[in-house]
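**Student:** Could you build the full structure based on these sequences and the hints that come with them?
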Amino acid sequence: MAETSGYNFAYLDEQTKRMIRRALLKAIAVPGYQVPFASREMPMPYGWGTGGIQVTASIVGRDDVLKVIDQGADDTTNAVSIRKFFKRTAGIETTTQTHEATIIQTRHRIPEEDLRADQIMVFQVPIPEPLRFLEPRETETRKMHALEEYGLMHVKLYEDISQHGHIATTYAYPVAVKQRYVMDPSPIPKFDNPKINRSPALMLFGAGREKRIYAVPPFTDVHSLDFEDFPFEIQTWREACALCGATGSFLDEIVTDDAGGRMFVCSDTDFCEKRREAGHAGPALAAEGAV
Amino acid sequence: MSDNHEPLLVVDGLSKRYGAQLGCRNVGFSLWPGEVVGVVGESGSGKTTLLNCISARLTPDDGVVRYRTRLGTLSDIYQMSEPERRMLMRTDWAFVHQNPRDGLRMKVSAGANVGERLMAVGARHYGNIRGAADDWLSKVEIDTGRIDDLPATFSGGMQQRLQIARNLVTGPRLVFMDEPTGGLDVSVQARLLDLMRGLVGELGLAAVIVTHDLAVARLLSHRLMVMWRGEVVEQGLTDQVLDDPQHPYTQLLVSSVLQP
Amino acid sequence: MYVPVKGGERAIENAHKLLAEERRGNRDTPDLDVAQIDEQLALAVDRVMTEGSLYDRELAALAIKQARGDLIEAAFLLRAFRTTLARFGYSIPIDTGQMVVRRRISATYKDLPGGQVLGPTFDYTHRLIDFSLLEGADPENLEEGESDMGVTPHVLNILDREGLMEPANGSSGAQERGEDGEVHVGDLTREPLEFPADRDIRLQRLARGDEGFLLALGYSTQRGYGRNHPFAGELRLGEVRVGFVPEELGFEIEIAEITVTECEMVNQFKGSKNVSPQFTRGYGLTFGHCERKAMSMALVDRALRAKELDEEVEAPGQDEEFVLAHADNVEATGFVEHLKLPHYVDFQSELELVRRMRAEIEAAKVRNGDAEQIEAAE
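Chains as they are written, first to last, in this note's numbering: chain V, 1 to 291; chain C, 1 to 260; chain B, 1 to 378.
Treat the hints as calculated values from the structure; they're not laboratory data.
Some hints could be false.
As the list claims (entries may be wrong) - In silico DSS-like cross-links for lysine-lysine, where the CA-CA straight-line distance does not exceed 30 Å:
| no. | chain 1 | residue 1 | chain 2 | residue 2 |
| --- | --- | --- | --- | --- |
| 1 | V | K84 | B | K340 |
| 2 | V | K87 | B | K65 |
| 3 | B | K270 | B | K110 |
| 4 | B | K307 | V | K143 |
| 5 | B | K6 | V | K195 |
**Tutor:** In structure tokens form, the structure reads like this:
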């Protein structure tokens with residue numbers, strides 16, 4: 001592997017970090033508004049978290065403790081790769097424990113544990129524009145945001161209900177930030193949307209390939225779009241986590257055999273491990289114990 | 001409530017060129033609430049250019065277009081901010097295109113097409129939005145069972161009626177129509193014209209209708225403007241202009257219509 | 001009993017080791033020499049420099065070796081390296097009119113000042129596989145002769161002098177002069193791409209864009225998707241000097257000599273009986289010898305000028321947002337290949353919804369079935 005000693009702290013040069021921080025400040029000043037920024041080519045491909053990585057690289061300090069998750073787990077391959085990147089280029093402390101982290105970079109989930117005011121969430125965003133699949137033109141969507149013309153967004157929700165009986169969006173569910181900008185919270189399951197509303201933590205969103213940054217400051221109103229008579233609902237499971245017995249967390253489906261055998265396990269690996277350490281046991285663990 | 005003695009739309013000295021081509025020149029007129037003005041002429045006469053200029057779709061080179069907003073003041077539509085203008089175009093005004101595909105979202109259902117403007121101005125109750133769409137589909141004589149169908153599955157006449165419903169749902173005061181019956185079969189046209197006449201009367205709409213078809217003009221408009229080569233050559237009460245044309249071009253137009 | 005799988009870090013390390021092994025291949029086969037790639041796979045190196053946006057033959061050759069011949073992967077390596085380089089400033093614009101020309105052709109004139117020079121080209125070869133290359137036989141030695149090529153003026157200047165060609169800066173696309181009287185050129189590597197884009201940004205985006213994508217779009221314009229009647233006004237290949245004015249010196253010094261390929265297309269004229277018609281142009285420029293790319297770029301450049309030239313935008317090749325948003329293969333491959341990343345959480349959400357909807361339909365069927373049965377029984 002090539003030597004990384006020739007690089008600046010956290011890889012990016014100071015000018016670039018300054019440019020990104022200016023974009024972040026603008027984003028925080030106008031919650032939910034997408035700020036264009038001159039995304040740099042990083043050593044990872046576009047689409048693999050370069051936006052989140054650039055945001056983290058611009059805000060990380062020597063005393064920060066970094067947690068990186070993907071699909072809620074610390075050990076998925078890309079999370080491992082990104083954590084290693086920061087260990088090498090910044091030499092900072094990393095952790096798998098949510099409560100120990102000062103910066104949490106994430107792809108597609110928000111941790112189950114409540115966040116604190118001294119923590120920052122950095123989201124990896126593939127498509128920052130919530131209207132993109134309704135209107136492919138950037139020139140049009142920019143106008144729609146500027147003029148608060150979000151009728152088309154509600155048309156989509158209306159169509160879902162008329163066709164399926166429910167709103168058919170289950171992740172990357174659009175939200176209204178501070179009753180003004182409509183924002184894509186990144187492909188987190190809608191289950192996680194309520195966690196953004198009035199969170200004590202600062203939430204930063206980076207889209208490297210699309211070159212946009214946006215933010216939700218702490219304690220900001222964030223509401224998922226819905227109709228009065230079809231209110232927003234999060235997902236629920238009949239099952240509890242097979243390992244720790246949790247009933248209020250997002251569960252992953254694990255296929256256990258070819259005959260259709262399945263079990264459900266907490267997506268947030270740190271959360272699940274903590275519960276098991278505290279003595280909670282789900283049906284699979286309990287069954288094991290009974291043998 | 002707007003004062004019916006004050007004009008709703010005032011156009012003054014309107015001109016538009018396309019490079020060396022003349023679109024329209026020095027057009028002026030006023031429109032009162034509940035009044036329908038027809039603009040007739042052959043293709044290339046400048047009538048569509050005029051319509052686009054007065055409906056904020058095309059910036060004129062010269063002249064002023066003033067509209068009396070709900071606040072009662074006569075405002076220059078090109079001096080307004082873009083948000084104000086776009087709001088006007090979504091609420092107070094309606095624009096019916098010749099080709100309904102230009103005025104509809106072809107990939108969303110009829111119900112969504114009608115409900116969109118309501119949602120754009122803040123309607124958030126699915127049941128109510130659907131109810132309003134249902135009402136309007138009846139009003140324009142479209143089978144309400146088709147509320148979830150895509151416009152592509154509708155006939156031309158039905159698409160046109162859907163376009164009208166989509167436009168009228170927010171209760172506009174002024175409707176611009178560009179050859180609304182163009183491209184439709186004669187019998188379908190007749191039905192559509194009847195509907196339009198009924199709605200315009202019932203809702204007290206003001207309208208500017210561009211058409212090359214004198215029969216449409218006669219049926220729908222109170223007043224008529226005849227355009228030729230970019231200029232208004234004659235205007236007046238519809239019956240007067242059609243029964244007793246003064247300008248040689250108007251005479252030509254009137255005489256060339258096949259009499260049954 | 002299911003145990004959450006751990007060990008992602010070890011798996012990645014092992015994958016890297018396996019990759020290095022495969023890259024090297026059979027150890028009985030001699031290891032590739034970077035100089036060989038530079039010399040004998042020169043066109044691959046040229047393409048990687050162009051799409052990597054970095055002129056450094058050795059680095060590009062090394063990237064190709066590291067990327068195992070995957071040219072987009074190699075361009076990516078170059079781009080990532082480029083990000084880390086300190087920026088001293090901008091060079092003086094290169095003057096391709098002063099090029100030491102090795103190859104120069106024009107389809108618009110039979111003969112012209114400076115002549116038509118074929119140079120090293122595949123053009124008139126017969127595409128018959130040469131099996132003698134298997135044995136590595138060297139080609140015959142060539143005699144070096146005297147070059148009688150003087151300075152070769154641009155072909156389009158000939159048309160320009162007659163007033164037949166639109167000015168080089170285009171009609172309304174002329175760059176505006178800023179307060180300092182200087183023409184400002186955007187920098188795509190320093191500003192995010194925004195629409196609508198000016199011609200300078202468009203050309204930068206096309207220059208580093210994927211050759212295959214531009215080839216297909218250029219081809220589509222020739223087949224009627226936004227046809228602009230192109231003629232190859234000029235294609236030239238050769239060396240140009242790169243000048244730079246360091247702040248400390250205050251005067252120009254030559255810092256490099258690079259090879260570029262330049263293509264100028266002569267396209268559909270604009271004008272009518274009353275407005276003096278002129279031909280319009282399309283422009284393509286690449287590092288090294290990349291004719292296909294330079295020509296495709298020129299076709300697409302002209303197509304994207306549709307709005308500027310008051311033409312109807314009706315074909316994909318003329319659609320600025322469509323072309324520019326998707327032209328960069330490093331961005332494209334990143335996003336396409338990101339689908340390999342785990343998406344099981346989003347997928348879980350979809351699964352849950354689909355199952356629910358299917359259950360509702362079944363339940364409805366049962367209810368209707370019951371209702372029918374009750375009706376039938378009555």
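**Student:** For every hint, state whether the structure bears it out.
**Tutor:** Hint check:
no. : hint            : verdict
1   : V:K84 / B:K340  : 20 Å, holds
2   : V:K87 / B:K65   : 28 Å, holds
3   : B:K270 / B:K110 : 24 Å, holds
4   : B:K307 / V:K143 : 20 Å, holds
5   : B:K6 / V:K195   : 27 Å, holds
This entry satisfies every hint, going by the numbered hints stated previously.
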